[in-house]
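Based on the hints, put chain R in the right spot on chain B.
Protein chains: 2
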Amino acid sequence: MNAVNLAEHMHTLGLQAREASARMASASAAARSGVLRGLAALLRANVQALQADNAKDLERATAAGLAAPMVDRLKLTPKTIETLAVGCEQLATMPDIIGDVVGLKQQPSGIRVGQMRVPIGVFGMVYESRPNVTIEAASLSIKSGNACILRGGSEAIESNKALARLVQQALAGGGLPAEAVQLVQTTDREAVGHLIAMPEYVDVIIPRGGKGLIERISRDAKVPVIKHLDGNCHVYVDDPCDLEMAVRVTDNAKTQKYSPCNAIEGLLVARSVAGAFLPRIGEVFSAKGVEMRCDPEAWEILRHVPDANLKEATEQDWFEEYLAPIISIKVVAGIDEAIAHINRYSSHHTDAILTRDHVHAQRFLREVDSASVMVNASPRFADGFEFGLGAEIGISTDKFHARGPVGIEGLTSLKWIVLGNGEVRS
Amino acid sequence: MNAVNLAEHMHTLGLQAREASARMASASAAARSGVLRGLAALLRANVQALQADNAKDLERATAAGLAAPMVDRLKLTPKTIETLAVGCEQLATMPDIIGDVVGLKQQPSGIRVGQMRVPIGVFGMVYESRPNVTIEAASLSIKSGNACILRGGSEAIESNKALARLVQQALAGGGLPAEAVQLVQTTDREAVGHLIAMPEYVDVIIPRGGKGLIERISRDAKVPVIKHLDGNCHVYVDDPCDLEMAVRVTDNAKTQKYSPCNAIEGLLVARSVAGAFLPRIGEVFSAKGVEMRCDPEAWEILRHVPDANLKEATEQDWFEEYLAPIISIKVVAGIDEAIAHINRYSSHHTDAILTRDHVHAQRFLREVDSASVMVNASPRFADGFEFGLGAEIGISTDKFHARGPVGIEGLTSLKWIVLGNGEVRS
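Protein sequence lines, in the order shown, are assigned to chains B and R. Heads up: the first sequence begins at 1 in my numbering, then just goes up one per residue. Heads up: the second sequence begins at 1 in my numbering, then just goes up one per residue.
Check each hint, because a few of them may be wrong.
Repeated chains share a single entry, so a pair holds when one copy, or any two copies, can fit it.
List time: in silico BS3-like cross-link candidates among lysine-lysine, alpha-carbon distance up to 30 Å [stated by the list, open to error]:
1. Lys79 with Lys257
2. Lys211 with Lys227
3. Lys227 with Lys105
4. Lys105 with Lys222
5. Lys311 with Lys105
The hints are simulated quantities; they were obtained by calculation from the structure and are not laboratory data. Source: prediction; values computed, not measured.
Chain B on its own, in the form it takes in the complex:
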């Protein structure tokens, strides 16, 4: 596509999305759920066809020498397709929140004032490789009564096109506009530049991918961005604390998986329990080959652990999101220093205190300025499904609008409604 055609294509998508969004917003909950169930059926009926289209992406990826784990992320199997179908069905059965009215209260003037939950309008989604996201985003968009424009990674273009065709078929089959979910049909990089700069058509952009992509989009977008930057998450082991539990949770928080954003990168330990706790977790980390970057106090304790892989922590380590078998460890005086350290160095994603002290627990919940704050639970729980949202379109590290795991609610806004009996302002 040349520049003129691309601009036209994007504006057409935008205009069609805006028009479709009005029809989606006024569609009944039953109609939207029907489309989701129809989509589940279509996914199941088209497993082979989807795999055939997916094979083209896989071939191209292999030929291009993409690393095996990346090729793996691209793959659509009968199992992943079934998971997507089940996800659509689960969304269909979830309560519908569009049109919910909250807080309708009588005012002194006689009018009754409340707020109604309505779709936000049109969102644009920019994501990389995994074709699953096409269905996850589409189904959330349908459930929340929005329209969306999807821009997937070029590696998955054939898979995404096939999935998007099924979504449009499901929409049309359910009497809703097919343009409510549109896939950008070109892998041209400039398409993203257009998508994020059409405030007349697109209300919010949700990027999912590497930090570079998200920073670039945030910088250039002319509309709000629900963005997820780093996950530099912490566990703070307080005094008093059940150390058995602390070992279990800290281990889970770091080693259950190394790559998710909600895995921890930093461990803080109250000085008075450091001597008892650090050797125990040190043995666990040592056995699993986790490198420990320690402040001098932690080092002094951990150096007695056999085969411990210790390094001296630098100031930069406190800021680091390793996403690897590496953890920074620091001994702190207590709750005050722990909160101060987290608020200074964490990425405001997810941080947990492990404690028996009620006052400390309350202070940590209140004062730690992160999207998810936990007491006696593994930060790995910071996830839309684990939080009961039924779905997740992303995790926001911002404070504005949506914060933390973003589900259906994050794709809606509350407008004011006023019910009167002819009242006038005096």
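Below, chain R alone, put in the same frame as chain B:
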């Protein structure tokens, strides 16, 4: 101030605000309310001193040949000061929402997940002339546990400095950091450029003023902006409708005051009631000297009204925010055309339907994509106080985060909290 000094001044304000915000967030509700009551007492004790400082601004304004209404807006009188004091006291007695937890629910994993309302952090406020805004913004900031940096108009600099000194005195007197409310001490225009581009220190910008100011800030800001652009509001007179009520509400919506953003600019009338309704409202408008810009059908009916000031409406009129004794009038086929017209031309601020029809009322509430949508009430009610927010920092015409009148809640965010018993993710 030269450029280097200005940059330093702004960064000092930012750094101090960020530090103060952490202390404000952890301050008790009682401490914050105490400061508000202290501020009310200080305002009352300093009426004369405030008037003396205000006199300097008034003199300068008069000498500079500022128009009388503008000079009037600048004026602090014993009455306006008392109103500000009462406002602080009312805020103090309002329920505190910081720390509220909503929706704490048990999840299948065993963890309990909910959301806690917390301050957003630091907001920057950019406003013009009226010094009252200094106290309104400061008191809302204190109530909501935020820190703020205020940048008032240069015409009111002496008044603003005097008011901000009292605010800081009240904060310090109540044991809270004086830097929780800071006034930019220079009238240098470049200061705004710095304020809106310090994401490390400022979480959101709230501009209050003319459209030019708000567009400029929205374009250049590096942080989210709660912005209020036009108020092109509508009343739609439906069929069936109590026409007595319709005349009363339409009159109020247009003529009670012409300048507020929630006064209407457009009147839509269902064809089947146009013949009965338009002559009656036409007489009212004619008597009050309101110019009517009509589509051909409305013209045909209204031309029989004696002394009616009629003009032909152009396409541009449907977009116009007159803020003057001018109204556009259009006859529509019914509810569908009314909703389509409003969604196309209104500024998504406030629109009302006057109707007896329940289905039409529900459709209007649901389908009109505006921040405030009303049934049988005057759009002039779209206001934080009338909506029961207890205060208003602005009105947002955006859908993202805060929509419509913004009170304390708009200055907060919901973070996730998780309470566990040592659960780990499997």
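Now the hints, each set against the structure:
Taking the shortest alpha-carbon separations for lysine 79 and lysine 257, only the intra-copy value of 21 Å comes in at or below 30 Å, while the best inter-copy value is 64 Å. Taking the closest pair of Cα atoms, lysine 211 and lysine 227 come within 30 Å of each other both inside a single copy (10 Å) and across two copies (28 Å). Proximity of lysine 227 and lysine 105 under a CA criterion of 30 Å is satisfied inter-copy only: 26 Å between copies versus 34 Å inside one chain copy. Neither within a single protomer nor between protomers do lysine 105 and lysine 222 lie at most 30 Å apart by alpha-carbon distance, with minima of 36 Å and 37 Å respectively.
Taking CA atoms no more than 30 Å apart as the test, lysine 311 paired with lysine 105 passes in neither setting, with 60 Å inside one copy and 41 Å between copies.
Hint compliance for this structure: hints 4, 5 are not met, and every other hint is.
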